[in-house]
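On the provided structure of chain A, position chain B as indicated by the hints.
So the sequence lines, in the order shown, correspond to chains A and B.
Residue 453 in the numbering used here is what sits at position 453 of the first sequence, and the numbering runs on without skipping anything.
Residue 206 in the numbering used here is what sits at position 206 of the second sequence, and the numbering runs on without skipping anything.
Read the hints as simulated data drawn from the structure, not as lab findings.
All of these numbers come straight from a predicted model, not from anything done at the bench.
Just to be clear, a hint being listed does not mean it is correct.
[As the list claims (entries may be wrong)] Which residues of chain B face chain A? A few of them, derived with a C-beta cut under 8 Å, are:
#, residue
1, 23
2, 53
3, 55
4, 170
5, 174
6, 201
[To be verified] Derived DEER-like restraints, expressed as beta-carbon distance ranges:
#, chain 1, residue 1, chain 2, residue 2, range
7, A, 425, B, 131, 50 to 56 Å
8, B, 47, A, 615, 29 to 35 Å
9, A, 255, B, 84, 41 to 47 Å
10, A, 235, B, 131, 45 to 51 Å
11, B, 90, A, 425, 55 to 61 Å
12, A, 702, B, 178, 49 to 55 Å
13, B, 172, A, 663, 54 to 60 Å
Beta carbons: idealized from backbone N, C-alpha and C, even for Gly.
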Amino acid sequence: MQARFRPLPVLFVITAAFGMAQAQSGVLFNGNELGLERFGAGVPGGWLLDGNDFTWEAETGPGRLGPGAGRIPFGGNGRIELTSPARRLEHGRPYTLLLWFRSEPAGAALSVSLHDNETRQSLAFEQTATATPEWQQLRITRTLREAVKGCYYLRLSAKGANTTLWLDGLWLGATEAEPPADWQPAWHAAAVAVAPEAPWGVVAGNGPLCYRVRVAGALAPGARLETRVISTSGESAGQPALPLDTTGSWTGTAEISGDSANRFGMFRVEATVVDPSGTTLSPMTETLLARAPEPFPAPFRDSYFGIHVKLTAPDLEAMARLGYKWLRIHDASGITKWGLIEPEPGRWLWHDDEVALAREKGFFILGMLDSAPPWESGAQEEGYFSIYSVPKDPENWRNYVRRVVAHYKGAIDDWEVWNEPWNPMGFFKGGNPQRYTELLTIAFTETKAINPGAVLVGIDTWPPYWDAMTLAAGAYDYYDVLSFHRYDPGMHGYPNDPIDRIAKRLRKAQEKYGTPKPLLFSEGGPDVTVFHGSFFSFAEPALTGDWSWCADQYARMYLSTIASGVQRFFAYSVHNHTHHGHSTHMMVEPGPLLRPLHLTVAALAHFVDGADYVERLQPAHDISAHVFAQPHDRPYATGGCTVVVLHANGLDPEPLPRPVPEGVACYDRWGNPNAPPTEALRSPVYLVAAGDAAVALTSALAPAGPGSQP
Amino acid sequence: MPRKSLVCLFVCLTCAGAWAQMFPEERDGLNALLDQVERSLTTQTPPLWSLFSPLGSLAIAGNGEGSCTTARRDELRRNPGAAAAFALPPGARATFRVFETARELRMGQVIFESPEKKHWLATFAALPDGPGDAYRLTALCVFPADQLLSAGASQDAVSVVKEWERVVRDGQMVELRRHLYPEPFLGILGKGGMELFLYVDPERYITMARYVVEVGRPEVSEMSGLHVCSNGVIAAVTGTWKAPNVVFGLGDYRFTALLLKTDGAWKVAGLFMGTQTQY
Numbered sequence: 001m002q003a004r005f006r007p008l009p010v011l012f013v014i015t016a017a018f019g020m021a022q023a024q025s026g027v028l029f030n031g032n033e034l035g036l037e038r039f040g041a042g043v044p045g046g047w048l049l050d051g052n053d054f055t056w057e058a059e060t061g062p063g064r065l066g067p068g069a070g071r072i073p074f075g076g077n078g079r080i081e082l083t084s085p086a087r088r089l090e091h092g093r094p095y096t097l098l099l100w101f102r103s104e105p106a107g108a109a110l111s112v113s114l115h116d117n118e119t120r121q122s123l124a125f126e127q128t129a130t131a132t133p134e135w136q137q138l139r140i141t142r143t144l145r146e147a148v149k150g151c152y153y154l155r156l157s158a159k160g161a162n163t164t165l166w167l168d169g170l171w172l173g174a175t176e177a178e179p180p181a182d183w184q185p186a187w188h189a190a191a192v193a194v195a196p197e198a199p200w201g202v203v204a205g206n207g208p209l210c211y212r213v214r215v216a217g218a219l220a221p222g223a224r225l226e227t228r229v230i231s232t233s234g235e236s237a238g239q240p241a242l243p244l245d246t247t248g249s250w251t252g253t254a255e256i257s258g259d260s261a262n263r264f265g266m267f268r269v270e271a272t273v274v275d276p277s278g279t280t281l282s283p284m285t286e287t288l289l290a291r292a293p294e295p296f297p298a299p300f301r302d303s304y305f306g307i308h309v310k311l312t313a314p315d316l317e318a319m320a321r322l323g324y325k326w327l328r329i330h331d332a333s334g335i336t337k338w339g340l341i342e343p344e345p346g347r348w349l350w351h352d353d354e355v356a357l358a359r360e361k362g363f364f365i366l367g368m369l370d371s372a373p374p375w376e377s378g379a380q381e382e383g384y385f386s387i388y389s390v391p392k393d394p395e396n397w398r399n400y401v402r403r404v405v406a407h408y409k410g411a412i413d414d415w416e417v418w419n420e421p422w423n424p425m426g427f428f429k430g431g432n433p434q435r436y437t438e439l440l441t442i443a444f445t446e447t448k449a450i451n452p453g454a455v456l457v458g459i460d461t462w463p464p465y466w467d468a469m470t471l472a473a474g475a476y477d478y479y480d481v482l483s484f485h486r487y488d489p490g491m492h493g494y495p496n497d498p499i500d501r502i503a504k505r506l507r508k509a510q511e512k513y514g515t516p517k518p519l520l521f522s523e524g525g526p527d528v529t530v531f532h533g534s535f536f537s538f539a540e541p542a543l544t545g546d547w548s549w550c551a552d553q554y555a556r557m558y559l560s561t562i563a564s565g566v567q568r569f570f571a572y573s574v575h576n577h578t579h580h581g582h583s584t585h586m587m588v589e590p591g592p593l594l595r596p597l598h599l600t601v602a603a604l605a606h607f608v609d610g611a612d613y614v615e616r617l618q619p620a621h622d623i624s625a626h627v628f629a630q631p632h633d634r635p636y637a638t639g640g641c642t643v644v645v646l647h648a649n650g651l652d653p654e655p656l657p658r659p660v661p662e663g664v665a666c667y668d669r670w671g672n673p674n675a676p677p678t679e680a681l682r683s684p685v686y687l688v689a690a691g692d693a694a695v696a697l698t699s700a701l702a703p704a705g706p707g708s709q710p
Numbered sequence: 001m002p003r004k005s006l007v008c009l010f011v012c013l014t015c016a017g018a019w020a021q022m023f024p025e026e027r028d029g030l031n032a033l034l035d036q037v038e039r040s041l042t043t044q045t046p047p048l049w050s051l052f053s054p055l056g057s058l059a060i061a062g063n064g065e066g067s068c069t070t071a072r073r074d075e076l077r078r079n080p081g082a083a084a085a086f087a088l089p090p091g092a093r094a095t096f097r098v099f100e101t102a103r104e105l106r107m108g109q110v111i112f113e114s115p116e117k118k119h120w121l122a123t124f125a126a127l128p129d130g131p132g133d134a135y136r137l138t139a140l141c142v143f144p145a146d147q148l149l150s151a152g153a154s155q156d157a158v159s160v161v162k163e164w165e166r167v168v169r170d171g172q173m174v175e176l177r178r179h180l181y182p183e184p185f186l187g188i189l190g191k192g193g194m195e196l197f198l199y200v201d202p203e204r205y206i207t208m209a210r211y212v213v214e215v216g217r218p219e220v221s222e223m224s225g226l227h228v229c230s231n232g233v234i235a236a237v238t239g240t241w242k243a244p245n246v247v248f249g250l251g252d253y254r255f256t257a258l259l260l261k262t263d264g265a266w267k268v269a270g271l272f273m274g275t276q277t278q279y
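The shape of chain A in the complex, shown without the other chains (with noise of 0.2 Å):
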């Protein structure tokens, strides 16, 4: 169809300023700020899907935009919901929505609506249509209202009941007031779309990296697919062009080539069809994908690295490559929850499975010994909190920790006894430490009864007034691990860090009582908010932050745990899959698919793992070399080795006063064979030397004279 309107040109300068335009010739940019277009391939990356009771096919039948539509047969109760992820737009100006749907029978329903990302209020093109055999056009100019940080997410739902829906033809792009009525943007021939094969996309050690590509519409003879590579350490490398046939409808897949593809890091495939001309045919469309340093074989009880995460297969199967060892319930599943587990009284639902297949995967768990049921608690509320208040009688709470201790004995035998009981507005209302101290009494009480070989954790404290008065109300006596939460944004590892004065004071408050037990960062994270960093070429900085920074502040997040003392920490969390651009805890993009801070700490687990902490070197004052003593045959060293964790305390380069010793092996934050460092930076780099290299590694770094360096 021939585009008799424009799109205003300002709008490619705007787009490409935000990395949605191709800047090379032959590219055909036809103003739409949406990757979505021709529904035929599928979502294409940072979408969010949700639904159920459908499927989705290519039509390959001529459309109202010839071969190419999204066919979505719905059953009885069908549905789906479209999140496009976050666009920066410009307020004040008309937008047009445009978007061909059809279905048969009649009667699928559709709506479609334009947020604001922060407040997820609806601003423009809230409408609704029913579907009839015919192909329609939703046809919507607006003049946005401002969002609070300039960008917007579109949703488009859909529902229907044993009818097929037919969609196409989706253009959201800045125009005149009304265009004309018969305007048409200029339409792409075709859509692609790119996925992971490995579950979250992520690889272990050599691997190979492969995606599948899906490719819908009306292709000419010789059209290709070209795919370009990105990776977290720089490289950009052409993949060979995949011939494509002319069916309307190619499935394929491919695997990662080059020098860069053996790599660790994450990668970003960024692919687009092509014509013969090389003139495009589709939107760029991406995913990504990770390679991960083999992990420290599982199970591995002493690890330091711990996540919460659904117990499904993929989620773990993902979880597992990347090095993480402990699973925190919690609720990424709340499968321990007495609130969950046992909605009427004697009414005991079980989750065997689930527990059973993690722990296949080489996972150990630690459960949660918390909340109660409405009916036993009295809460009124509804939702989320509604199982999060004090427990009514004792000995309910005591039926239910025999019953959950004694039935998972054996799979479980670490138990957390409740989640962040200081907070007495939400997860522990009517609580105070006397009430938290007798249910933790209890609950140590007949878990060591069922199961003597149980480690209990508990006090879970955030707020120093916690700890301090579940410990003077008798509490010392009836925990192993003492557990804290803690979401800090600041970038750890540095002496004295907000991680390493928690531990020194909690075991301080404890001395008072006896000899401090071990503790235990049972929950926490780089920050609250969706600043974790996202390696979409689209992703909006002012929302999702700095993917490197959030690299290095994960890592170091874990190794100022390691530094500290303390047994492991538990990230929160991956449990959840929101639209890009988000503001959530979840570490993770739609699909799911990964944010580079896990590779940096798969990375961190690969060195460190089943290694010793020994101490901390200072090179300079504003350096931190933590030495760490590996006994195990690992893929960088057999017969034991010493790794030493090198960075900068701060944020600035700070140089080495001397050089690293020859025979040290060097590895950057993804784990790559890399040059000796003559600096020290915000990022961890590895160095790992055996024997006389070990020993000349550690002079190397011994602390400097006084007055070398400020």
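Coordinates of chain B only, in the frame set by chain A:
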């Protein structure tokens, strides 16, 4: 500086200093840092960058001609031109110092006087992360103080800071975005729970602050004891903010805000605050 203005500034800083609750060794440590700052500003030895913490840094120098220089530690280290903007005349000496404590942060102000009787006001924030737990600067803001605006004429800067009071009470933190200086920006919050929330990215600061206020909106948000020193381009506002919150922590906060005027609007480039609670 006219005598009346100087007296007002002394009184102003002394009032702020009345909040200081500091152990003698802390005072000694800060005096040692400020001695070094004085030497650095007047003789460039030690280099100014070396007095800054690498955890996060903000340096602002007013040149007295309606403009200012901003830098972070690394730029001061690598760019001699940036460091030169902070030089004071040889022989300038600190004639007045006031300190206060805000969790791990220490904050304060200093008046420098040159042999020619010219004056500069330095506002600083410091953390004890130096060798032997010595204090190091996270922020230093120096500007000529002989032409300070009256408190009344500086209320537009104060009103920007007061926006924090309002938006926290209303739960509308994102409205602060327009008041944040894009780069360099440094926000440090010493929380009661021993975290040190440190932001170099204003977007991150505002996103986190919004979340914090959403999950634990304080019932009270009141600022008091606000003092402002401004030359029309740079403003330093100090005060106390009462905003108890389950996530922020309990207690009153002492704060120091450093503002820069750009395109006619004051924007906060540095915000340093912490509870006075000690554990």
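Here's how the hints hold up against the structure:
| no. | hint | in the structure |
| --- | --- | --- |
| 1 | 23 | violated, 17 Å |
| 2 | 53 | holds, 7 Å |
| 3 | 55 | holds, 5 Å |
| 4 | 170 | violated, 14 Å |
| 5 | 174 | holds, 5 Å |
| 6 | 201 | holds, 7 Å |
| 7 | 425(A) with 131(B): 50 to 56 Å | violated, 42 Å |
| 8 | 47(B) with 615(A): 29 to 35 Å | holds, 31 Å |
| 9 | 255(A) with 84(B): 41 to 47 Å | violated, 55 Å |
| 10 | 235(A) with 131(B): 45 to 51 Å | violated, 40 Å |
| 11 | 90(B) with 425(A): 55 to 61 Å | holds, 58 Å |
| 12 | 702(A) with 178(B): 49 to 55 Å | holds, 50 Å |
| 13 | 172(B) with 663(A): 54 to 60 Å | holds, 59 Å |
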